[in-house]
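J.: The primary structure of each chain is shown beneath.
6 protein chains.
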Amino acid sequence: MPEQPQIRSLKSGESFTGHLLAQEAAFKTSSKGSEYLELKLADASGDLKAFLWDIRAIEGDMEAVKADAFLKVKGRVDEYNGRLQLRLDKVRFAPDSEVGDFSQFFPVSRRPVTEMLAEMDALIASVKDPWIRKLLAALFVENAELRAAFAKAPAAKSMHHVYLGGLLEHTLSILGMAERACGHYAELNRDLVVAGVFLHDVGKTTELSYERSFGYTDQGNLVGHISTEVQWINREADRIQGFPDELRMQLVHIVLSHHGKLEFGSPVLPKTPEALLVHYLDDLDGKLEIMFRGIRDDGGDGNWTPFSRALERMVYKVRWPKAK
Amino acid sequence: MPEQPQIRSLKSGESFTGHLLAQEAAFKTSSKGSEYLELKLADASGDLKAFLWDIRAIEGDMEAVKADAFLKVKGRVDEYNGRLQLRLDKVRFAPDSEVGDFSQFFPVSRRPVTEMLAEMDALIASVKDPWIRKLLAALFVENAELRAAFAKAPAAKSMHHVYLGGLLEHTLSILGMAERACGHYAELNRDLVVAGVFLHDVGKTTELSYERSFGYTDQGNLVGHISTEVQWINREADRIQGFPDELRMQLVHIVLSHHGKLEFGSPVLPKTPEALLVHYLDDLDGKLEIMFRGIRDDGGDGNWTPFSRALERMVYKVRWPKAK
Amino acid sequence: MPEQPQIRSLKSGESFTGHLLAQEAAFKTSSKGSEYLELKLADASGDLKAFLWDIRAIEGDMEAVKADAFLKVKGRVDEYNGRLQLRLDKVRFAPDSEVGDFSQFFPVSRRPVTEMLAEMDALIASVKDPWIRKLLAALFVENAELRAAFAKAPAAKSMHHVYLGGLLEHTLSILGMAERACGHYAELNRDLVVAGVFLHDVGKTTELSYERSFGYTDQGNLVGHISTEVQWINREADRIQGFPDELRMQLVHIVLSHHGKLEFGSPVLPKTPEALLVHYLDDLDGKLEIMFRGIRDDGGDGNWTPFSRALERMVYKVRWPKAK
Amino acid sequence: MPEQPQIRSLKSGESFTGHLLAQEAAFKTSSKGSEYLELKLADASGDLKAFLWDIRAIEGDMEAVKADAFLKVKGRVDEYNGRLQLRLDKVRFAPDSEVGDFSQFFPVSRRPVTEMLAEMDALIASVKDPWIRKLLAALFVENAELRAAFAKAPAAKSMHHVYLGGLLEHTLSILGMAERACGHYAELNRDLVVAGVFLHDVGKTTELSYERSFGYTDQGNLVGHISTEVQWINREADRIQGFPDELRMQLVHIVLSHHGKLEFGSPVLPKTPEALLVHYLDDLDGKLEIMFRGIRDDGGDGNWTPFSRALERMVYKVRWPKAK
Amino acid sequence: MPEQPQIRSLKSGESFTGHLLAQEAAFKTSSKGSEYLELKLADASGDLKAFLWDIRAIEGDMEAVKADAFLKVKGRVDEYNGRLQLRLDKVRFAPDSEVGDFSQFFPVSRRPVTEMLAEMDALIASVKDPWIRKLLAALFVENAELRAAFAKAPAAKSMHHVYLGGLLEHTLSILGMAERACGHYAELNRDLVVAGVFLHDVGKTTELSYERSFGYTDQGNLVGHISTEVQWINREADRIQGFPDELRMQLVHIVLSHHGKLEFGSPVLPKTPEALLVHYLDDLDGKLEIMFRGIRDDGGDGNWTPFSRALERMVYKVRWPKAK
Amino acid sequence: MPEQPQIRSLKSGESFTGHLLAQEAAFKTSSKGSEYLELKLADASGDLKAFLWDIRAIEGDMEAVKADAFLKVKGRVDEYNGRLQLRLDKVRFAPDSEVGDFSQFFPVSRRPVTEMLAEMDALIASVKDPWIRKLLAALFVENAELRAAFAKAPAAKSMHHVYLGGLLEHTLSILGMAERACGHYAELNRDLVVAGVFLHDVGKTTELSYERSFGYTDQGNLVGHISTEVQWINREADRIQGFPDELRMQLVHIVLSHHGKLEFGSPVLPKTPEALLVHYLDDLDGKLEIMFRGIRDDGGDGNWTPFSRALERMVYKVRWPKAK
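Taken in order, these protein sequences are the chains called A, B, C, D, E and F.
Just so we're aligned, residue 521 is where the first sequence starts under the working numbering, counting upward by one.
Just so we're aligned, residue 521 is where the second sequence starts under the working numbering, counting upward by one.
Just so we're aligned, residue 521 is where the third sequence starts under the working numbering, counting upward by one.
Just so we're aligned, residue 521 is where the fourth sequence starts under the working numbering, counting upward by one.
Just so we're aligned, residue 521 is where the fifth sequence starts under the working numbering, counting upward by one.
Just so we're aligned, residue 521 is where the sixth sequence starts under the working numbering, counting upward by one.
Here chain A stands alone, though its shape is the one from the complex (with noise of 0.2 Å):
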């Protein structure tokens, strides 16, 4: 695939040829009876609206024009309403194969993949417990697919942190935090914790599927991600010869209860320090992300960022002592 601009740098006026990614399809028709197609093309950089007037000038299948597939697409760049959109004159689907690389599709982490790696690496490393130590070496480490799946997971499919390395990077933000809450109450466990955070969110990367729009695979909707989490700790203590009981069921309680209350998914309250420490920090880790990005990404005029479902309410964005 050759070079194109990102989406983000594109102009009024402007021409513009190169893939997209469809993430909306739609044929309508216009109330003089002739039909058009309708999109909405994004890169990683960002999404626009787009509109082929005449679709007699989609070239090969007309089925396989549709949400989720990589378009090529040629066309000009037009303000409409103080946003920019494309008139297209050409669209045709392309196959993943021609469009190599999809990352530069999809939103990802402003931390670079390598650097979140070697950082997980390290606090792996820093593990004084044999146990812990073994357990998350042979999950984060040693298996290979589990370790480039949890370095490309979003963290959620629409709460915070939905973007490519938004499940690592959010794993080592509360890793930071719970270094220093361990630092602050001496009589947490600190291993345990360091373990409780790695694996809360890690069944996210069987949970959501994130090769197209994110979304829930079938096993996240009929299983969820804390059974599978419980799933791979059981299956890997099971391999570890000699495995201590007591600390799997502790690793497992941490796990299980890390959604804080039953009516959010967690089937037992967590009932001991460490629990309740990764409980908070994780809930907290993902509300002030959602509060930051909205406070930094929102363009409007207002003092409020729009209603945050995720949140149930609307963020303040003026920041004390105010910006001069």
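Some hints could be false.
Here are the simulated EDC-like pairs of lysine to aspartate or glutamate, each with C-alpha atoms no more than 16 Å apart in a straight line [as the list claims (entries may be wrong)]:
(1) F/Lys569 x F/Asp609
(2) E/Lys610 x E/Asp581
(3) C/Lys837 x B/Glu707
(4) C/Lys781 x B/Asp598
(5) A/Lys837 x F/Glu766
(6) E/Lys548 x A/Glu599
(7) D/Lys548 x B/Asp598
(8) D/Lys781 x E/Asp803
A few chain E positions that, by computed beta-carbon distances, are all more than 12 Å from chain D [to be verified]:
(9) Gln524
(10) Lys531
(11) Glu555
Simulated from the structure, these hints should not be mistaken for laboratory data.
Positions of the beta carbon are idealized from the N, C-alpha and C atoms, including for glycine.
Here the structure of chain A is known, so what remains is to put chains B, C, D, E and F in place on it, guided by the hints.
T.: Quick look at chains B, C, D, E and F alone, frame taken from chain A:
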């Protein structure tokens, strides 16, 4: 241990010598400043209060005379305020080895265990789906330890079927209704339903302690029976060569969702017809057992059972047509 | 009304002349400022969109062309975006008298009404308790108007069994399960259960309006089906010389409590085994119907039905063993 | 029954002979092994504890000495720990016939019944709507049995106006406020409101038992006062030739909805202004009665009444301006 | 600004020139690709849709043509689908200064402001308690800015009394009922109740913005009207030499608790009779206003108003006796 | 007051003479009819039961011997049923003046007050924002009365940090975590967070009474600590010339919202990152304190602490790795 009369058969004025389980034990002081021992003693047929007015009559270690211990007692049956009680002359701690067969000291199912196990085996043999049959056989037939525990455990600590053998009796009762429901709703996969019922509470064998008084184990409090069951299904399915992922996922789903709501400890809602059915039949069977037992056992005069905390209501005892 | 093809059997390119029910009707304006008529037209086999681009082609009273009216239309079947639609040349209002038998314009139960009524009568005849049998006969056999309404009404406005005959079909399905349950749980009074099921929703015949689109009547909104049923039971029991107060009270209780919870509109909780059973079987039958219909009817590609508001979840469509 | 002093007027050291109601009665055993009888005895002015240390002093049938029975007792008033109690010498069961007028044994309204009935009759006579007036007269004037019960019943078992005559007093108090509200909000139909208030709790005459201690009847537990009231309205409206359906429906609606929420036992929400008003004034009157009584009756030192379970709070007793 | 006809008085075919408030404004594109402007224009008498099909006819700054701006428009009244709309020929932004008196562009109370202020002043003068009278006078009479805002603000953003002057009208209506309630329940301190009603919503003057469309201010979203009112009471009581602490505490309590429940934003429950009364009368008055307005204003055919989100129900419009 | 041994150090058989706080006091009667006095006596190190079998041995005013009074007692230490108790020979009321320093009779923080105050002052001095520093200094440094109360108050009546000095200890612990969190999340305004933590519970100094037993004051019950804090912030900000409105609003918001949910008494939800953080760290610190204290102090045998009503769960006491 020699023969001894059952508590239910005792009459006022008789003397009694034998072993009983101390469900409660407290040293109290009278207003005159003298100490006495107040006990609640039980065998499988019932329980009664007992008093030892002179604690110097305790033989051997006084510390060992406490709740959940077996005691060898000697005394006389008294009637007080319409209730029988024991006025004791002698009390001593009795080691478990002296007692032998515990089952005569706990409430037990009215159905013989061997009959129930035979019914269970027949049901497993009737499963046509080979994967399901193998999985059930591995857990309930070939695993002797689990089979024995499954035949012994109560169904709950305090809600319904609270007696030895109650778990198996409850499971078989649901299975009876499940067969009927699969006859009525033709779209249901009967083998899947049967497996779901068998598996839905089997983890209670480790969630509950029932050697003496009934309670929760650490595993029960920290992990719970549902997650334990999921672990067992996964471990067994890992061992069966070629066990289909789709089937494993649907079985795990039935087990995970069988409490019907997140706030009741199911991390996912029932999303297949089979999961929905298992949830309803389990819930119905437990609640009907409480009602029928309440109506049958309550000796009170009025038309209502005492308030049931499990049902959050009293039950109306008058049956139509009224017994003559 | 002459023969006409069913909507489900139409093919693109065919012409169509006939009567259809307007479920929706809206006059809209195009960007060119011309008005057009957009309709949703239905018969019992389905519905489709229809457009009349020149509203001068409406014959007779334009005001009468609105939702819930029958229309005589003439036009041609078109395919648009994979869906059939009608491009109309002529539209006129058709009085009810012209249409005759309404039933061909509404979704109806798959079971023939006469068969269902026969099953109902046999069930009533099988009731051994003379008081109960008399009461059921008075309402469902001798009261011709109620009998007719009971055979015609849907079971709900939007939850389950939403089609003509749905109330009777739902009632009979629960009765089937109820017979089985009474076979399983011997303590249940079968005749009481049968009466409870018959009576539990019969008030929907006045709670719902179902001559055209389905909705609630004023009586439905202000009083509700449960209180209406209680009124009918009391009126009928007043008429039957010597009807036992105890029985009346227990029947009224089953009806009042069958929604199972106060927040679902039952002013009392089920406090007899029969009331508990009727509640569970009613709830189960309604939810299973939604699931089975969702799995059967959904034409979508994926493994999941659309989100069901009645169930507050999506339903998993993959059946084990997978169809080949 | 001869004259006897009221409990409230007793003084330490006095002897007492007379009839009292046993609200509680228990045979207990002392640490010395002797049995004694502990009673809670009441007349309309109050209650006190009583002890019979030698149960051989019971005359006649010992079984008959139990809660809800009248007893003839003889003894001496003692002060113990700041509270009066009776140290009894003799106790015997007294048949109801011996006691005569029960009303001197129960708490009663401070308002004379005849005055309240006159106020009630005047209110009914003031109703201009002939249908409503006929309906109220039929129930509250012409039905002597219901009229008597309505004048005697308490308003609740344990929440507010818990004394004989409380139902009528509570009803009249709401009616007073209702008149005022109809003067303020001119759109309200005053006669409809008056009828709604009269009818809203009249079913408590059968929901509650109040011959001895206050409790629920079987009808109260299985059907409830609201559904009973609906039955009575319907039966009476059936009898009045030409009673308008619209009016019947609106009256039934006010009664059904007057608890304001489904979870409080109203199967429908108030959907007319009159229904809304009746709900608010009923709720307000009951809660204010609890508060005023709490402030008036509480003899404690502090600024707060004891925790009220009905209000789920304590009430602040300090009145502004403070009494001097 | 010259005279201009009110929206409510317009007739199809008339031409219109004048100033209107743009409640909504959107540039849209037709299927032919041409842009047009769609507006919702309002004055105090109502609102209607308006279209400018050729956006080149906008005079001056196009960016300024947006929601909450005043526009000078010229066009012709059209009827479309039974509703009037404006087909515009010219549109331009109009600065506020050109418009003068805003009040003719917003819904206003039906009661004249001067009449309401006079009623308010008389009520304050009638307060006998000197501390309370001083406090009320300081806030509502002597503080000219607050007095003006109190006379102008709506009572809510979207629930009840949503029009200019609504806050004062709502407050006076509750005061009318409060007087009546204090007449009925003699134990109530009337002056305390009057003060509580005056103060309970006065903070809405800063919680809401109501210069253009109604909304929440930053103070409203971050602090809320209740805490603002507490601040004002405290500040004013600090200024009045010798203001009694007990009275201050009871006034603050009424204000804090008047939403009646923690989940509705009251940090404490009403714990005095006066606080309880203010809560009930406030709630009742708001809900009745919604009902009466719904019944009065709804032009629809049926017996029911549209679903009210504030009441979470539809309201029954049929009044008994039915209007002839 | 002379030296006296601490309760925790007493041994069976020793005699004891000294002052103790009566946490409970009740005159009871034995079955023989003799009165005795039962006490719960406490100093800072613990509490024990005490009995005076002959109440004539009370010197001076018997009425004064009641809960919350100091008593001078003389007696002997007894062991009963494994617990120590006092068998008293003499008891008399002791006026507060005789006792001197109260602190030896209440549980106190393990951290010395002077150390905590120094830490507090250093934190205030470290605040860079001049407005925030001034506000904190005015309240916590310059207001000697508030400073003293802040150093003495417990953090709650019954949830966490329930001992003298607990409020300050809890505040400093959150501040420690808050510093760490601001190091981790760079977008947070550290000074705003510090101020929020300082202010969030300072009103407990007037919400709680803690001179004797811990309880709520009238102000606590009617107004609550949050609204009191808002009053203090506003009063102080009014006094500081030029205090910015924006800052005042954000500080008030943090305080108002720090309980996190409306149903927990916060009238607004946290809508800034700083408010969210303060809520989470406060909640976490309180809950961890309960857990750690439960694990540390519980002397029971099992693996679980007693059920904690504050946490609505039991806490697992087994620490990984297990102590050897």
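J.: Now tell me, hint by hint, if it's right for this structure.
T.: Hints, verified against the model:
1. At roughly 14 Å between alpha-carbon atoms, F/Lys569 and F/Asp609 fall within 16 Å of each other, so this suggested pair holds.
2. A C-alpha spacing of about 13 Å is found between E/Lys610 and E/Asp581, which places the hinted pair at or below 16 Å, so the restraint holds.
3. The straight-line distance between the Cα atoms of C/Lys837 and B/Glu707 is roughly 12 Å, inside the 16 Å bound, and the hint therefore holds.
4. Restraint check for C/Lys781 and B/Asp598: not satisfied, since their Cα atoms lie roughly 46 Å apart, outside the 16 Å limit.
5. Taken as a hint, the A/Lys837 and F/Glu766 pair is honoured in the structure, with Cα atoms around 12 Å apart against an allowance of 16 Å.
6. The hinted pair formed by E/Lys548 and A/Glu599 meets the criterion: a straight-line CA distance of about 13 Å does not exceed 16 Å.
7. For the suggested pair D/Lys548 and B/Asp598, the alpha carbons sit about 14 Å apart, so the restraint of at most 16 Å is met.
8. Between D/Lys781 and E/Asp803 the alpha-carbon distance is near 15 Å, which keeps this suggested pair within the 16 Å criterion.
9. Listed as outside the interface, E/Gln524 is consistent with that label: its C-beta sits roughly 34 Å from the nearest C-beta of chain D, beyond the 12 Å cut-off.
10. With 12 Å as the threshold on Cβ separation, the claim that E/Lys531 sits away from chain D holds: the shortest Cβ distance comes to roughly 31 Å.
11. The non-interface label for E/Glu555 is consistent with chain D: the shortest C-beta to C-beta separation is roughly 46 Å, beyond 12 Å.
Going through the hint list in order, the structure does not satisfy hint 4, though it satisfies all others.
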